[in-house]
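Fit chains F and L to the known structure of chain C by using the hints.
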Amino acid sequence: MTLQSLFYYKTVKYVVAQNKKVGVLYRIFQLTVIGYLIGWVFVVKKGYQAIDETIESSVVTKVKGVALTNTTGTGAHLWGPEDYVIPQQGEHVLFITTNFIETPNQKLDTCSESPNLLDAVCSKNEDCTQGEAVLTGNGIKTGICLKKERNSTGICEIYGWCPIENSQRPKVPLLGKAENFTLYIKNFIRFSKFNFSKSNVLETNNETYLKSCLYDTIHHPYCPIFLLGDVVRKAGHNFQDIAVLGGSVGILIEWRCDLDKGYSKCHPQYSFTSLDTSTTPSSVTAGYNFRYARYFKNAAGEVHRNLYKVFGIHVDIIVYGTAGKFNIIPTVVNIGSGLALMGAGVFICDMVLLYLMKQSTLYRKKKFEKVNRTDIKSEDPKVKLSQQAVLLSDR
Amino acid sequence: MTLQSLFYYKTVKYVVAQNKKVGVLYRIFQLTVIGYLIGWVFVVKKGYQAIDETIESSVVTKVKGVALTNTTGTGAHLWGPEDYVIPQQGEHVLFITTNFIETPNQKLDTCSESPNLLDAVCSKNEDCTQGEAVLTGNGIKTGICLKKERNSTGICEIYGWCPIENSQRPKVPLLGKAENFTLYIKNFIRFSKFNFSKSNVLETNNETYLKSCLYDTIHHPYCPIFLLGDVVRKAGHNFQDIAVLGGSVGILIEWRCDLDKGYSKCHPQYSFTSLDTSTTPSSVTAGYNFRYARYFKNAAGEVHRNLYKVFGIHVDIIVYGTAGKFNIIPTVVNIGSGLALMGAGVFICDMVLLYLMKQSTLYRKKKFEKVNRTDIKSEDPKVKLSQQAVLLSDR
Amino acid sequence: MTLQSLFYYKTVKYVVAQNKKVGVLYRIFQLTVIGYLIGWVFVVKKGYQAIDETIESSVVTKVKGVALTNTTGTGAHLWGPEDYVIPQQGEHVLFITTNFIETPNQKLDTCSESPNLLDAVCSKNEDCTQGEAVLTGNGIKTGICLKKERNSTGICEIYGWCPIENSQRPKVPLLGKAENFTLYIKNFIRFSKFNFSKSNVLETNNETYLKSCLYDTIHHPYCPIFLLGDVVRKAGHNFQDIAVLGGSVGILIEWRCDLDKGYSKCHPQYSFTSLDTSTTPSSVTAGYNFRYARYFKNAAGEVHRNLYKVFGIHVDIIVYGTAGKFNIIPTVVNIGSGLALMGAGVFICDMVLLYLMKQSTLYRKKKFEKVNRTDIKSEDPKVKLSQQAVLLSDR
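Protein chains in written order, with UniProt numbering: chain C, 1 to 395; chain F, 1 to 395; chain L, 1 to 395.
This is chain C alone, in the form it adopts within the complex (with noise of 0.2 Å):
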């Protein structure tokens, strides 16, 4: 092998058979894998991008709106958003109170557990282990059974803040003109594999339309407030129904952005879904609370509180996507791993062609140039040419 013999260009040798039927069956396979990875791999799936699958996102979220409680305890009350949002900081996950329980007044004291509790049922003093917290309760247990006659069963004296809380679900939502409480949205992304970044919030010159927008999915899509009992109306719940005692919301953003269209192409999608599971609502997985407390002190420097239960809409800000931007690695492995399934067509093809036609025989004979023994014997120089030209299609 000489140094030009380098630059000499060898291509592979084809016998070509006049066989219709296999040239046919080929072409067909060719157009299938062209067709796949111009048609399903490039225009539809965008295979010639890479994909940054990671979002960096960060939310910032307002509530406005007030309403009033009229309570027999404690009478009208005005709820703002610093009241009923809570964390009030304006985070990606915001609880918004609907209902609530208060028990105003309550001490450290001695008082009777609540009589629902099976842990708390007894019927001499021994039943009530001094010391021992009442399962799911409200405090210690004194050691005292507390009955009303001699004989019948009691309820345990418990150590805890009393008097303890009224544990009759409430039946009407309290709240309920937070179905007419505004959300107002800011969410700030980036994909760091590309360096872009966006806002959800407009680049508005005008800056009255930030003020007054409503988020509509046809008129408005792109204004980042929304109207609470739109969002749960769109998750699928009765806003009336779920402010009683609460549920869990999703909102989610989708960033699907193309940026080999240019930065203002690249919008949010927003949609809302239920966090609760779809099945049937059993009593343990149903609704959304927890409790607070405010504490004050007296004249007298004594300590007591009012616990809240609160019931409400917990909100959970979600958000995902993509970005996609041209790169030669997922271009070459798309159209790479596509031209080499070509060669499983051949190989396909050529067992059609070698097996199972009529002059399969002669194909193979073609196809496959023996080197025999006697050309090894023969592969001597002073050989003549002609006889190995002959020998070449010997079997």
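Since the hints were derived computationally from the structure, they do not count as laboratory data.
Be careful, since some hints might not be right.
[Stated by the list, open to error] Only pairs whose alpha carbons sit at most 30 Å apart, straight line, appear in this in silico BS3-like list of lysine-lysine:
{"#": "1", "chain 1": "F", "residue 1": "Lys147", "chain 2": "F", "residue 2": "Lys124"}
{"#": "2", "chain 1": "C", "residue 1": "Lys62", "chain 2": "F", "residue 2": "Lys177"}
{"#": "3", "chain 1": "L", "residue 1": "Lys124", "chain 2": "C", "residue 2": "Lys107"}
{"#": "4", "chain 1": "L", "residue 1": "Lys124", "chain 2": "F", "residue 2": "Lys211"}
{"#": "5", "chain 1": "C", "residue 1": "Lys62", "chain 2": "F", "residue 2": "Lys62"}
{"#": "6", "chain 1": "C", "residue 1": "Lys297", "chain 2": "L", "residue 2": "Lys62"}
{"#": "7", "chain 1": "F", "residue 1": "Lys193", "chain 2": "L", "residue 2": "Lys234"}
{"#": "8", "chain 1": "L", "residue 1": "Lys297", "chain 2": "C", "residue 2": "Lys309"}
{"#": "9", "chain 1": "C", "residue 1": "Lys177", "chain 2": "F", "residue 2": "Lys124"}
{"#": "10", "chain 1": "F", "residue 1": "Lys261", "chain 2": "F", "residue 2": "Lys45"}
{"#": "11", "chain 1": "L", "residue 1": "Lys297", "chain 2": "C", "residue 2": "Lys365"}
{"#": "12", "chain 1": "L", "residue 1": "Lys198", "chain 2": "C", "residue 2": "Lys234"}
[To be verified] If you only want the chain C side, here are some residues facing chain F, beta carbon under 7 Å, derived:
{"#": "13", "residue": "Ser58"}
{"#": "14", "residue": "Arg169"}
{"#": "15", "residue": "Ala340"}
Just so it is clear, CB atoms sit at the ideal spot from N, CA and C, and this is done for glycine as well.
The following block gives chains F and L in isolation, referenced to the frame of chain C:
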């Protein structure tokens, strides 16, 4: 076909065209593909690695520092982290108060709504529908229109927390000293695909280093303690400016881990970004504020509250990154598809050779060996070998 | 070239070398590639699936249990979830108090700074620059150096919340009973690529199961209620030890879903990890604590507060996982690139055959059919066919 023939080696027959133009073309193509494969795919892009794109991260923060404010209303007040950091428990999203408006001693009562709200402007009592909430206002209309003079425009009376908050925008940051607060960030990350976990806190024997160091891009790039003023400055803001109305800042922690290089080579990279949109600040989107209230009871047991509207720096710590480790599958995919792409080069060079060269007709004749009808007819062991040899190259 | 010739099937011409060494070598290579492709890529690694690596997750938590503390300062105190869980609303990051230092009745006043702070040690008034904050301290220096005796070293006087907190480290966990608290985790996940969502809460008709079950690796692997002591133990800590100064624990929920197998086969896997660095605990990084305050007003309307420094278990629920579903593109990429790799095997076997075998010269001659200058000159339809046939195998 015998069993033995399974172990015969079949090698493709080539036609060598001593055409240096196409030969050089093909060699250039080959070198390009190999160069791309080795240089770009493997050396630069580490195409031999499987990538874990999803990082699991847990962040804990702690802010230190105190600031003294002196307002005409409440006098000197010392702010510690328990007051100015919200929430106090040290999450990955935190808010550091830099300014506030205090409205002390609010009671549930009736008073005049803010004159800045268009919805509260009235000329007669009928304009203030009883029981209706003022849009983005502070309470519920009582149905009375409060006027200074008989014919002037008035303001609706509301029921709510009175007196209402002073709606003037602040001009100076009351906690301007927040610039010197320090922020300690503990970040634990995990790449589940490779079961790899690490913390951003330096594993040092020098305990005092972590007590005294301060992050610096050049001298202390791995110190996890940041000066708040520094963070804001690096995000592109002037601290004293942003401190007035607040703003959002992102601390990005990037983990770019090459696990083939070992545990100790995987370090976090910190960068800082503004999370506000870059365009002209509109009154709606600018700033960061929210309200919270502290509730008190007086000696008579009546509730009143101090309302705080706080402005400040919203810090969002965003962790992202990828880990890569050698894996056979992406290696095979990249090599395989690169090799397959060479097939495309062969196709192009063949086209040039067979249709654009002077001797194309000859090359075509050599490359494509036809199997003719005559062959098929002569498919007869008695036909002479010499005849077949001649027919081989027949048209 | 006629239209008809488009449907002729061209098949590569092979030279069959009856060389078993290379033949066997090639077959071994082929089997390796096929074995790798079927066994490793498809069966083990499910290379026929598209993978969604980004999971969208929403977590809700609820802690239950009560604990009684009895400190000399404040007497018996009952802690419910509304007190010891921070934040109370049930997020995916939560803190459960296990120990605390209470500093009751702090007032804004002047007092002596903590003697442990180097920055507060002074020998004369000039050492306490007025208006300067003590480094990591509790207040602002007033400019006075408080001394017990004339020549002893003193401590700067500060303005702040006085008396200052007792800086002694606690020795015993006051809420050691927290070991028996239960943690209920509700996790809703979604794979947006496949529009698949599921919850970790068992869809059971048995309502009471979810009320009474307790997670256990073997017997109740899908019960979403965890014993706090259990979680801490499985993360590698001793509960009573970690409860003193607090610590970070991660509950990892892994979703590894094969969507080709159907909805019901996709289950969460729980595991537990410590989120503290594994090295020797340094005083800076060990533990988990923060402060919060409760504000009160006395009868005269003066504000005072109770400061709590709380230590506890910081639980971070980290959800991760992937979903896979059959997709044509990765299937083609894997098959295609595997097949292409076989080309590399052909190349190696060819090299062996053409340069390392005894009869290499013959094989080279057979494999590479040259097109010579003489051919080109004789490129003339009048040249006799037989001559061409002879020249074919010439040099």
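Hint by hint, here is what the structure shows:
{"no.": "1", "hint": "F:Lys147 to F:Lys124", "in the structure": "9 Å, holds"}
{"no.": "2", "hint": "C:Lys62 to F:Lys177", "in the structure": "27 Å, holds"}
{"no.": "3", "hint": "L:Lys124 to C:Lys107", "in the structure": "49 Å, violated"}
{"no.": "4", "hint": "L:Lys124 to F:Lys211", "in the structure": "27 Å, holds"}
{"no.": "5", "hint": "C:Lys62 to F:Lys62", "in the structure": "25 Å, holds"}
{"no.": "6", "hint": "C:Lys297 to L:Lys62", "in the structure": "29 Å, holds"}
{"no.": "7", "hint": "F:Lys193 to L:Lys234", "in the structure": "21 Å, holds"}
{"no.": "8", "hint": "L:Lys297 to C:Lys309", "in the structure": "25 Å, holds"}
{"no.": "9", "hint": "C:Lys177 to F:Lys124", "in the structure": "26 Å, holds"}
{"no.": "10", "hint": "F:Lys261 to F:Lys45", "in the structure": "15 Å, holds"}
{"no.": "11", "hint": "L:Lys297 to C:Lys365", "in the structure": "105 Å, violated"}
{"no.": "12", "hint": "L:Lys198 to C:Lys234", "in the structure": "19 Å, holds"}
{"no.": "13", "hint": "Ser58", "in the structure": "4 Å, holds"}
{"no.": "14", "hint": "Arg169", "in the structure": "26 Å, violated"}
{"no.": "15", "hint": "Ala340", "in the structure": "4 Å, holds"}
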